[in-house]
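Turn these sequences into a full structure, and let the hints guide you.
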Amino acid sequence: MDPRLSLVTLGVEDVPRARAFYERLGFVASSASTDEVAFFPAGGAVLALFGRAALAKDAATEDAGRTSFSGVTLAHNVRTEQEVAETLADAEAAGATIVKLAEHVFWGGVSGYFKDPDGHLWEVAFNPFFPLDADGRVTLP
Numbered sequence: 467m468d469p470r471l472s473l474v475t476l477g478v479e480d481v482p483r484a485r486a487f488y489e490r491l492g493f494v495a496s497s498a499s500t501d502e503v504a505f506f507p508a509g510g511a512v513l514a515l516f517g518r519a520a521l522a523k524d525a526a527t528e529d530a531g532r533t534s535f536s537g538v539t540l541a542h543n544v545r546t547e548q549e550v551a552e553t554l555a556d557a558e559a560a561g562a563t564i565v566k567l568a569e570h571v572f573w574g575g576v577s578g579y580f581k582d583p584d585g586h587l588w589e590v591a592f593n594p595f596f597p598l599d600a601d602g603r604v605t606l607p
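One gets the working numbering by counting positions in the sequence shown from 1 and adding 466 to each.
Note that these hints are calculated values from the structure, not bench results.
Do not take every clue at face value.
Below, a list of computed lysine to any residue pairs in the SDA-like style, where the Cα atoms sit at most 20 Å apart [said to hold, decoys possible]:
#1 Lys581 x Lys523
#2 Lys581 x Val565
#3 Lys581 x Arg470
#4 Lys581 x Leu567
#5 Lys566 x Lys581
#6 Lys581 x Phe493
#7 Lys566 x Leu491
#8 Lys581 x Thr500
#9 Lys566 x Asp556
#10 Lys566 x Phe506
#11 Lys581 x Ala600
#12 Lys566 x Asp599
#13 Lys581 x Arg490
#14 Lys581 x Arg518
#15 Lys523 x Val503
None of these values were measured; they are calculated from a predicted model.
The structure is reproduced here in structure tokens:
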């Protein structure tokens, strides 16, 4: 397998509502998007939104419904400590729920978390050990 991530698909209850939320965050939907599925370029990968029940059916699995923690988080890294709080505020203004305010964390950076309207957990982080390149992609040591 070629080790790369091409697409992340989030199961949502209402695709148009979820699409509007992500557009308020600054994501720009592809012209391939419809009321049933939305696609957003996301720095070399694609973020997709698809109906939760339809996604479970497509994956030949049962939808267990929302849980308090799914074991998965998405992350958005920023260039400065201050941007963490600013980005969390932008997410809240767009309709997100803040789960954890920006704070200095054990690994030496600053991070906070929000949930999108469907409960998907996003970390916003400044990591001084993983700087961002000119395109905003994480640079690993």
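- Item | Numbered hints the structure breaks, given as an ascending list | 1, 3, 8, 10, 11 and 12
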